[in-house]
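Undergrad: Listed below are the residues making up each chain.
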Amino acid sequence: MSPGSVAGRLMPREEGPLKLAVPRGALFGETLDVLDAIGVDTAELRGDSRSLVFRTDELALVTMRPSDVPTYVEAGAADLGITGKDVLSEQADRVTYELLDLRYGSCRMVLAGRRGDERLAEVERRLGAMRIATKYPRTAERYFEDAGRAAEVIEVKGSVELAPLVGLADGIVDLVDTGRTLDENDLEVRQEIFVSTARLVANRVAHKLRAAEVDDLVERLREATWK
Amino acid sequence: MTHPPIPPGTRDILADEMRELRALEDALRGAFERHGYGEVATPAIEYHEVLARGDDRGAPSAYRFFDESGELLALRSDMTVPIARLVASRFAGEEPPFRFAYLGTAFRAVRPQRGQAREFRQAGIELIGVEAPEGTAEVIEVLAAALDAAGLGRAVIGLGDADLYRQLLDELQIAGDRREAILGRLAAHDLVGLEGAVDAVDGLDPRARETLLRLPGLRGDRSVLERAHELGGDAVERATARLQATYDELVRRGVADRVQLDLGLLRDLGYYTGAIVEVYDPALGHVLGGGGRYDELVGRFGRDLPAVGFALYTERLHIAQAEEERLGKEGS
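Just so you know, the protein sequences line up as chains W and L, in that order.
If you're matching positions, the first sequence starts at 1 in my numbering and goes up one per residue.
If you're matching positions, the second sequence starts at 1001 in my numbering and goes up one per residue.
Think of the hints as simulated: they come from the structure by calculation, not from any bench.
Keep in mind the model is a prediction, meaning the values are calculated, not measured.
Just so you know, not all the hints are guaranteed correct.
[As the list claims (entries may be wrong)] Per label pair, the in silico range of CB-to-CB distance: (1) W/E184 with L/L1072: 33 to 43 Å; (2) L/G1196 with W/E184: 50 to 60 Å; (3) W/A37 with L/R1022: 52 to 62 Å; (4) L/H1229 with W/E184: 29 to 39 Å; (5) W/A92 with L/E1210: 19 to 29 Å; (6) L/G1299 with W/A121: 48 to 58 Å; (7) W/E223 with L/Y1047: 49 to 59 Å.
The beta carbon of each residue, even a glycine, is placed where N, CA and C say it ideally should be.
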């Protein structure tokens, strides 16, 4: 018998109210609105408190960077979490249950190149591979692999739009909201890879052992976000 | 001077922990023995070709090397395949059933910076030569006893069927790429993606759609089977018949209350053929172990026998044990 991955150091889970990981950053405001809509009081989180953990009547809310949500949920340090599909796609090896599309925070993951510049197609034809800068190296690699295209993926941490401007890369894979940043940097979308929205994920054990509470929360969130 | 390193994912166990691990393993061994499962040991290294027979994906071991005469050897990645090999060779002339217990280490590849173990301890049993549902129920009864012996009275055994969803797709005549896409999303625990994959099937009637989407979320007591039948009618009734039979046998043996039926349970190993189990404790966010039926595996080594077993991750049990102890102290 050999189930799944085997972690060496594991965090024990506390009991009590379900613990929900709430993403700070772009999804923060809408996440709080949705929680308010299902009757979870988020007033305390909206203040300028430096706290990271908040207790409400029903849930314990833990705030963190969106990209940390899968880590906490996989380990069971949070029972449930909300984060973007872009994060889940990039951390696809983390084992969590993806339960619900919350439908807000919509952005597009795209392949973009310089406007009017046929360099992307040309380098692929002449040099064998495009150089692609991205903050999402695993998502980008999977995309090119599935599309059967050759690309050398270069991971950068900061403004990825810079890379094609100064010749680090021929194009970029990035998350685009309005497209204004692309526009301002003379870049244009060549291909949409997927649409990312906020998702509800659950720890594997919490999904089983607290099934009724989890299902109830899923239904209420579905009602609040699928109107 | 720098300290001499050990490979990531391996560790030294010192006396305090070892004492507790031994006590835990003794408790498990005792539970296995009381149910007629004698302990066996097999080598940590086997011929790669032999282990590969047990693994459909052709990657039975992360660690392979050559011996002095050029044979390809491998470190075992679980204990089930070596025991299937043992039965087919050392017990070739004997009458089944065979009952074995084991406590040993197995080896797995790790991904960097995930705190994963390359070498980990497992404790489990294999029952070979007894069909479902009797054999399955017997093994679950021993599993419950082992968890009790480890002091994990709150642990829950999730029970599902490895073929249930596949059978349902057969009943609904969904084949080819669509079928693979659906199974792929399910294996990734991606219920959002599952909806997309189901909606990509042309001409699916609304009731079948509802069944495919809601079945994997059904988990709980025996009412789960009734709800499934309401949802999908005869097709689901046929697909869950085997699970129902196993559950009835568990009720007869008086261990059904330790079991959570879970129609969404899937296992990632190629050799499972029917009932599958996973073990959870409320104190820990990770699965403690699992197992199931593997009625075709022993046959790959030349002896066609039905089989079922489970393995617990001893180190995880130990963490859960320590945590239950702490919660108990706080509670009192």
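Undergrad: Hint by hint, say whether it matches the structure.
TA: How the hints compare with the structure:
1. Range check, W/E184 to L/L1072: Cβ separation about 57 Å, and the 33 to 43 Å hint is violated.
2. In this structure the supplied range 50 to 60 Å is violated for L/G1196 paired with W/E184, their Cβ-Cβ distance being about 33 Å.
3. About 53 Å separates the C-beta atoms of W/A37 and L/R1022, a value consistent with the hinted range of 52 to 62 Å.
4. Hint check: L/H1229 to W/E184, Cβ distance near 58 Å, so the stated range 29 to 39 Å is violated.
5. Look at W/A92 against L/E1210: about 28 Å separates their beta carbons, and that is inside 19 to 29 Å.
6. Between L/G1299 and W/A121 the CB atoms are about 53 Å apart, so this pair conforms to the stated range of 48 to 58 Å.
7. In this structure the hint that W/E223 and L/Y1047 lie 49 to 59 Å apart at CB holds, the actual value being about 57 Å.
In this structure, the hints that do not hold are numbers 1, 2, 4, in rising order.
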